[in-house]
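Trainee: Each chain, letter by letter, is given below.
There are 2 protein chains.
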Amino acid sequence: MKKHYREELGSLRETVLRMGGLVEQMTHRAIQALVERKIEMLAEVKAMEAQVNQLHIDIDEICLEMIALRQPTAADLRFIAAAMKINTDMERIGDQAINVTERAEFLLTVPPVKPLIDIPRMAEIAKEMLRDALDAFVNGNDELAYNAIKKDDLVDHLKDQVFRELLTYMMADPATIPRALELILVSRHLERIADHATNICEDVIFMVKGKDIRHQGPLA
Amino acid sequence: MKKHYREELGSLRETVLRMGGLVEQMTHRAIQALVERKIEMLAEVKAMEAQVNQLHIDIDEICLEMIALRQPTAADLRFIAAAMKINTDMERIGDQAINVTERAEFLLTVPPVKPLIDIPRMAEIAKEMLRDALDAFVNGNDELAYNAIKKDDLVDHLKDQVFRELLTYMMADPATIPRALELILVSRHLERIADHATNICEDVIFMVKGKDIRHQGPLA
Chain Z
1 MKKHYREELG SLRETVLRMG GLVEQMTHRA IQALVERKIE MLAEVKAMEA
51 QVNQLHIDID EICLEMIALR QPTAADLRFI AAAMKINTDM ERIGDQAINV
101 TERAEFLLTV PPVKPLIDIP RMAEIAKEML RDALDAFVNG NDELAYNAIK
151 KDDLVDHLKD QVFRELLTYM MADPATIPRA LELILVSRHL ERIADHATNI
201 CEDVIFMVKG KDIRHQGPLA
Chain B
1 MKKHYREELG SLRETVLRMG GLVEQMTHRA IQALVERKIE MLAEVKAMEA
51 QVNQLHIDID EICLEMIALR QPTAADLRFI AAAMKINTDM ERIGDQAINV
101 TERAEFLLTV PPVKPLIDIP RMAEIAKEML RDALDAFVNG NDELAYNAIK
151 KDDLVDHLKD QVFRELLTYM MADPATIPRA LELILVSRHL ERIADHATNI
201 CEDVIFMVKG KDIRHQGPLA
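From first to last, the protein sequence lines are chains Z and B. The opening position of the first sequence corresponds to residue 1 in my numbering, with each subsequent residue numbered one higher. The opening position of the second sequence corresponds to residue 1 in my numbering, with each subsequent residue numbered one higher.
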């Protein structure tokens, strides 16, 4: 029974990583489609959503069943509780990637406002944060989680920069307003992906340290 | 011991309701401050955030401790797991209310673009959804939760209406762009509050029915 239980924990870990890989890929493809103006790539992203939704349901079920049948305590319980919370955040990252594809559907039918530099940069950092957060989860590495959280400021900074730049485009030429607005919303979706990655990091730190770092204000 | 356990469950229920009341109040006050142009009211909203953050930490701790010490199964475990998930969504509703106060801080220093009609209407519906979701949680009433979810379409519809209307203001007079953009973002914050209320409803339905209705597409 002991061994079987360890295997269950390992399989839960793998399922979480699989889902994380999928939502990272969704984010990557959605932004790539927008930047490279490849409208056919958007369908790929949408096709991935069904798998993510199924994994979302599966992970919750696995966790609840393990809690009920195995009655884990201490570290294992914190691991399973973290998996349930991470599951929610990953699913919402997938939702945000879908939101990006919806903006892209409009943006790819109209001429570009400007070459996109900061938006793909935001996506890169957000994906990096997600990868680090999940690495931190599977390795119980709270230092990696702390470092990933620090990158959130960079994403916020880029989001403000995107906003200010597009504002000047809109003021100078009102014909750009609808397109510029959609780009601003894309940057907000990426900001939220980074926020979800931050949530995952906080859950990992709680899991490792048994300590709640949420609501402590900015990290040193 | 049996009685003590029931008391713990009752106190968890009350703590969830207390936090729900606080985040509802934050939403209400933030929008009231914006509509009635009462800048001093914004400080009240910010003052409530500290309490919400403390309750967020408390509820997670109570839940994990109950799972570890009481080893609940079946319905009780689903109730506790639902409380943890609802906790996350309530905390994020509080975050969104704070985001609204930040937009309001700017908007109350500049002349109004237009009288606000749809935005307070969105806030009313979102608060109603949250109240219904929490009522459904404490009474285990899945029908109430189903009905609350249906109101989300109305919020989305109003959000689109706000967007279209402000777009025409911006196109007609670029000087309104910065203010109109902030109002669009306020409507997005309210949309997200309604989304979190929807998440809570889905968690309640899962708790009551032991059935996952997430990712089933639009409800009939």
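Do not take every clue at face value.
No distinction is drawn between identical chains; accordingly, a pair holds when it is met within one copy or between any pair of copies.
What the hints assert, rightly or not - Using 25 Å as the maximum straight-line C-alpha spacing, the simulated DMTMM-like pairs for lysine to aspartate or glutamate come out as follows:
| # | residue 1 | residue 2 |
| --- | --- | --- |
| 1 | K150 | E102 |
| 2 | K46 | D160 |
| 3 | K46 | D153 |
| 4 | K151 | D95 |
| 5 | K150 | E49 |
| 6 | K38 | E61 |
| 7 | K151 | D118 |
| 8 | K150 | D95 |
Simulated from the structure, these hints should not be mistaken for lab results.
Trainee: Evaluate each hint against the coordinates.
Mentor: Hint-by-hint comparison with the structure:
In the homo-oligomer, the alpha carbons of K150 and E102 lie at most 25 Å apart only across protomers (22 Å), although the nearest pairing inside one protomer, at 29 Å, exceeds that limit. For the identical chains of this complex, K46 and D160 are inter-copy neighbours only, at 22 Å across copies versus 28 Å inside a copy, given an alpha-carbon limit of 25 Å. Proximity of K46 to D153 under the C-alpha cut-off of 25 Å is restricted to the inter-copy arrangement: shortest distance 21 Å between copies versus 29 Å within a copy. In this assembly of identical chains, K151 and D95 lie within 25 Å of each other by CA distance both inside one copy and across copies; the values are 22 Å within and 20 Å between.
In this assembly of identical chains, K150 and E49 lie within 25 Å of each other by CA distance solely across copies; the values are 22 Å between and 29 Å within a copy. For a Cα distance limit of 25 Å, the shortest separation of K38 from E61 qualifies neither inside one copy, at 37 Å, nor across copies, at 47 Å. Taking CA atoms no more than 25 Å apart as the test, K151 paired with D118 passes inside one copy only; the shortest distance there is 15 Å, against 36 Å between copies. When the C-alpha separation of K150 and D95 is checked against a cutoff of 25 Å, the pair qualifies both within a copy, at 24 Å, and between copies, at 19 Å.
Of the numbered hints given earlier, the model fails hint 6 alone.
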